[in-house]
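Peer 1: Based on these hints, arrange chain B on the given structure of chain A.
These are the residues of each chain, in order.
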Amino acid sequence: MKKILIIEDDKAMVNELCDLLKGANYFPLVLKDYNNPLEEIFSVKPDLILLDINIPYMNGQLVLQNLRKQSNVPVIMVTSKNTEIDEVLAISCGADDYITKPYQANILLLRIAAVLRRVNPNQEFYSYKGIIVNMQKGVIQSKNQEYSLTKNEMIILNYLLIHQNRIVTRDELMTVLWNNNEFINDNALTVNISRLRSKLMLAGCPNAIETKKKMGYILL
Amino acid sequence: MKLTSFIKDRLYVFILAIIVFIIYLLLFMAFHSPVELIVAVVILHFVFFLLSLSIDYFRKRSFYHQILSHVLKLDKSYLVLETIDVPNFYEGELFVQILYETNKSMCENVSMYQNQMNDFKEYIEMWIHEVKIPLSSLNLMVHNHPSNYDRKVVYQLKRMEDSIEQVLYYVRAENATKDYFIKKVSLDKIITEVALKNKDDFLENKMDFIVENTKVSVLTDSKWMIFILNQIINNSIKYKKEESSYLKIQASDKIDCTILTIYDNGIGIPLSDLPKVFLKSFTGVNGRCKRKSTGMGLFIAKSMCDKLGHKITIESMEGEFTKVSITFYKNTHFDVVR
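First to last, the protein sequences are chains A and B.
If you read the first sequence in the working numbering, its first letter stands for residue 237, the second for the next number, and so on.
If you read the second sequence in the working numbering, its first letter stands for residue 3, the second for the next number, and so on.
The shape of chain A in the complex, shown without the other chains:
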């Protein structure tokens, strides 16, 4: 489980962030000692840091600059300052991404996943119940057959695979698709899911995607 360190001083915000990250299978940690943030960072060794710019004692950018002298741990700046200058400054200090409050929960999770994936390059092959999913070629391969998936179907399958055995809401799938410039509507998503189902069935995996009424889908 990936450890994510939250550096943020608003209590309500910290609680909700912790809940959100736990729900998404991350292990959230909260910075306690604002006097020596670096020492604490090095002692807990997080996989990723969510860093607010306005924190007590020190400025987030300063913390980042000092951190970058010694470590390459991925950092996402989370802030309510939303000018281009703030963003350029944050990136030039060494932030991997920059997200402004208020953000949608799903989008924050996507950004976190994207940064983590950039650091540990994605495996291009997933195997699922005897099927090999080849992201690069956009195909699923069973023992002796190959079925090509459309971009949308691949995005959906990829997301379901990453979150296997957990209910994935339609909203989550929509967010991922729209984030990949596939601005589809509700009907199209339903169609995509059913096509993906039939392709998985042809490849020898019937009933892989189960519909949970009013909640979403789950890849078993």
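Worth flagging that the hints you see were computed from the coordinates, not collected in a lab.
Please read all numbers here as calculations on a predicted model, not as lab measurements.
Not one of these hints is a red herring.
Label pairs and their calculated CB-CB ranges:
id : chain 1 : residue 1 : chain 2 : residue 2 : range
1  : B       : D258      : A       : K379      : 51 to 59 Å
2  : B       : N333      : A       : P292      : 40 to 48 Å
3  : B       : N146      : A       : S307      : 25 to 33 Å
4  : B       : L281      : A       : P292      : 42 to 50 Å
5  : B       : K309      : A       : K373      : 41 to 49 Å
6  : B       : D164      : A       : K281      : 39 to 47 Å
7  : A       : K450      : B       : Q252      : 31 to 39 Å
8  : B       : N146      : A       : K379      : 41 to 49 Å
9  : B       : D121      : A       : A424      : 49 to 57 Å
Listed below are the simulated DSSO-like cross-link pairs for lysine-lysine, each with C-alpha atoms no more than 30 Å apart in a straight line:
id : chain 1 : residue 1 : chain 2 : residue 2
10 : A       : K448      : B       : K208
11 : A       : K373      : B       : K217
12 : B       : K160      : A       : K448
13 : B       : K78       : B       : K106
14 : B       : K191      : B       : K313
15 : B       : K208      : A       : K387
16 : B       : K309      : B       : K278
17 : A       : K387      : B       : K191
18 : B       : K309      : B       : K123
19 : B       : K106      : B       : K180
20 : A       : K305      : B       : K186
21 : B       : K332      : B       : K313
22 : B       : K160      : A       : K449
23 : B       : K278      : B       : K160
24 : A       : K450      : B       : K208
25 : B       : K313      : B       : K282
Pulled from the structure, derived: some chain A residues nowhere near chain B, Cβ distances all over 12 Å:
id : residue
26 : E275
27 : M294
28 : L303
29 : P310
30 : P357
31 : Y364
32 : E382
33 : A444
34 : I445
35 : K449
By construction, the Cβ of each residue, glycine as well, lies at the ideal position given by its N, Cα and C atoms.
Peer 2: Same frame as chain A, now just chain B:
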């Protein structure tokens, strides 16, 4: 400075001169002076009189003429004091001194208001950053604790967020300080961000979102551009038709510019309202009939485009479509510097 007005102003001098002249005549007659003497004195009297008047006139004329013509020509006429020669007569000196003093006090007054404005702007910005924290907490809470009201709560939160953003960018766009930062940004990225912001609205309203050929880079401030697009898209969603509505974003790359068009098949804008949509607080027929509108969105978008150097135009046919085009000009200098 007109000669006739100058003379009219000096009428009392003429009257006095004639009275003095009559007194002279009476005196000369009383003492039986010779006619030659009378004529000589009269001529001298009038020569001196006219000479002193005309010297006075020409000294003042050059000064007032200069100051008046400069005032009319300058676009910032309060700076006229810096452009004129120092007058060589007492009245003029007084006049310049008075102008200087009033100017100074006005400058102090203006800078006081400027400082107050800046303080106010800073406070508003700070307040907005402050209020965004509970807003994002609320967003996360809704996500973490699902209930039956989710969609409604999220929608209301988004309305709040949009209104807050509008205040923020109004303050930024209306202020003289430079709050933007122009660099090369991909339109694609901006559109994705705006799309994600409005995803729920599009899906809820069953409005299709179509994007074509937007893989181009333009010179702009991405944050400002996101806000501008958001205003336009919000309007499209607000004024959509009931059936099979869609919004289409396209970009076309020209030699010296890139044009981004946002087209919707909504209810359109009446011809009489069209020239006024970018005016402050203009709501028009649509704004009054449909939903309460502040009339600020497009006004702010326009003034931001002006600041960034983009051209924004709107075309529409009532009942058919609305098409907003934003033109981003290319800057060869920028490419060279890069």
